[in-house]
Amino acid sequence: MASLALLVESAPDATDYRSELALAYAKAAVAAEHHLRMVFFYGAGVLHGKAADHPATQAWCEFAEQHDIPLMMCATVAEQVYALDLNALPSAFQSGGLTEFAMTAAETDQVVQFK
Amino acid sequence: MTIALIQNGAASDQDTWYGQDMLLSLASVDLYPQLILLGAAHAQLRQDGDAQSNGRSLQKRYGLLELYDCPKPWVVIDGNTEAAGDWIMEVEIIDQQTLAERLTDIQKVLRYG
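Here the protein sequences come in this chain order: A and B. Heads up: the first sequence at position 12 corresponds to 12 in the numbering used here, and the numbers run straight through without jumps. To get the numbering used here, take the position in the second sequence, counting from 1, and add 115.
Looking at chain B on its own, in the form it has when it is part of the complex (with noise of 0.2 Å):
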């Protein structure tokens, strides 16, 4: 079984937040959930792009993934969009093709953003 979390919108954005938290609670419960990327959203995993909400921080949060031992982030960049860099944790960069393809390995795929 595999569960994917698609995160499409900004750090700022409360549905952002939401998605957040689900995130970790999958992990909480080791089902490892894949986090995905797209749009707006990879700026919550560059540097200087952290947010706060009632006192946490959106990146530092996103690190306990590490602890949780789940995937590597796919941060889904296309086309000549500067993909190098400035990242707070390891990712992987992957293109839209790449992403259909993985995503009809998954069973259970949500969406915030």
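Chain A on its own, in the form it takes in the complex (with noise of 0.2 Å):
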């Protein structure tokens, strides 16, 4: 059983489906029963904390509180490239830090990135 942390990079509408495949790849390490420490949204992947109603997004919320997963979104890039509310985040969606993804990068086996 391995620890894993995800980084999410691709906006919920991206039509390279990143989201999509992230959130398939955290459901099935689940399952496989390893501990997903982290999924942290970055670059276009803040976006997510704009489109509440978006089936990636809702997708991602429901997972993340099915399993207790904490959903992180980069707060600089959410305000200062994205301009987003940081207190109207999707309910399962936190805002934090880079340097909170470093620290769980640093405790887990791996790191996977979808961008």
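Keep in mind the hints are simulated off the structure, nothing from the lab. Here a beta-carbon is modelled for each residue, glycine too, at the ideal position from N, C-alpha and C. Just so you know, not all the hints are guaranteed correct.
Straight-line Cα separation of at most 30 Å, BS3-like style, residue types lysine-lysine; simulated pairs [unchecked claim]: (1) B:LYS187 with B:LYS175; (2) B:LYS175 with A:LYS115; (3) B:LYS187 with A:LYS115.
Partial pick of chain B residues on the chain A-facing surface, computed with a CB cut under 8 Å [claimed, not checked]: (4) ASP136; (5) SER140; (6) LEU146; (7) VAL206; (8) ILE208; (9) LYS223.
Hints are included, so try docking the two chains, each in its own frame, into the full complex.
In structure tokens, the structure reads:
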């Protein structure tokens, strides 16, 4: 059983379906009883915080709430690049920073990036 | 545990800055990340290759890697491409074969650009 951190850097409406792919990977990892420590949304991935009613965002929220997995969004990118309101994030998302991701990455066996 | 971050884009690309921010965050928690420069990213560490964003200098920020005791960056160059010269910091020039071999020993690799 491995510990993992996921890094999602693709927007929920991207045509390459990276968000959906990342979620499928996350679900498979949990089903295989790996320990998913965090999913960090960075770059364009923070747009999951803008689209609470997007199916991909809703699917992430449902997955995170079901399995108690932190969905963390890079506050700096969300505010400074995309002007998101961090007080209005979808329910399962929390804002955080790269330092928190880095500390988690230090403690996990694997980091898997989707961009 | 080792972690590497590959930069593959131009200094002016937004993704380059995301990568640098990630690199410095990893360095700040004593992970000693290995910076790897491929393709267009070479220019990021050349003299006259600096870029600015929100008052920040890309090259000055790369200078922080030495303060964090990170290993010197690997610059991947093959063939007859000019390898010598005007780097802003100490780098190690390696070829693709060497990179492939070294990557097998690195557990975590992130890519930007």
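The hints, checked one at a time:
A distance of roughly 15 Å separates the Cα atoms of LYS187 (chain B) and LYS175 (chain B); the hinted pair therefore holds under the 30 Å criterion. Restraint check for LYS175 (chain B) and LYS115 (chain A): satisfied, since their Cα atoms lie roughly 27 Å apart, inside the 30 Å limit. About 26 Å separates the Cα atoms of LYS187 (chain B) and LYS115 (chain A), which keeps this hinted pair within 30 Å; it holds. For ASP136 (chain B), the suggested interface contact is upheld, since its CB lies about 6 Å from the closest CB of chain A, less than 8 Å.
Annotation: interface hint on SER140 (chain B) holds; nearest CB of chain A at approximately 4 Å, less than 8 Å. Because the smallest distance between the Cβ of LEU146 (chain B) and any Cβ of chain A comes to about 6 Å, under 8 Å, the interface hint for this residue holds. A distance limit of 8 Å between C-beta atoms decides the matter here; for VAL206 (chain B) the minimum to chain A is near 23 Å, and the interface restraint is violated. The closest approach between the C-beta of ILE208 (chain B) and any C-beta of chain A is roughly 26 Å, which is over the 8 Å cut-off, so the hint fails.
Proximity of LYS223 (chain B) to chain A holds as hinted, the smallest CB-CB distance being about 5 Å (cut-off 8 Å).
Hints 7, 8, counting from the list given before, are not met by this structure.
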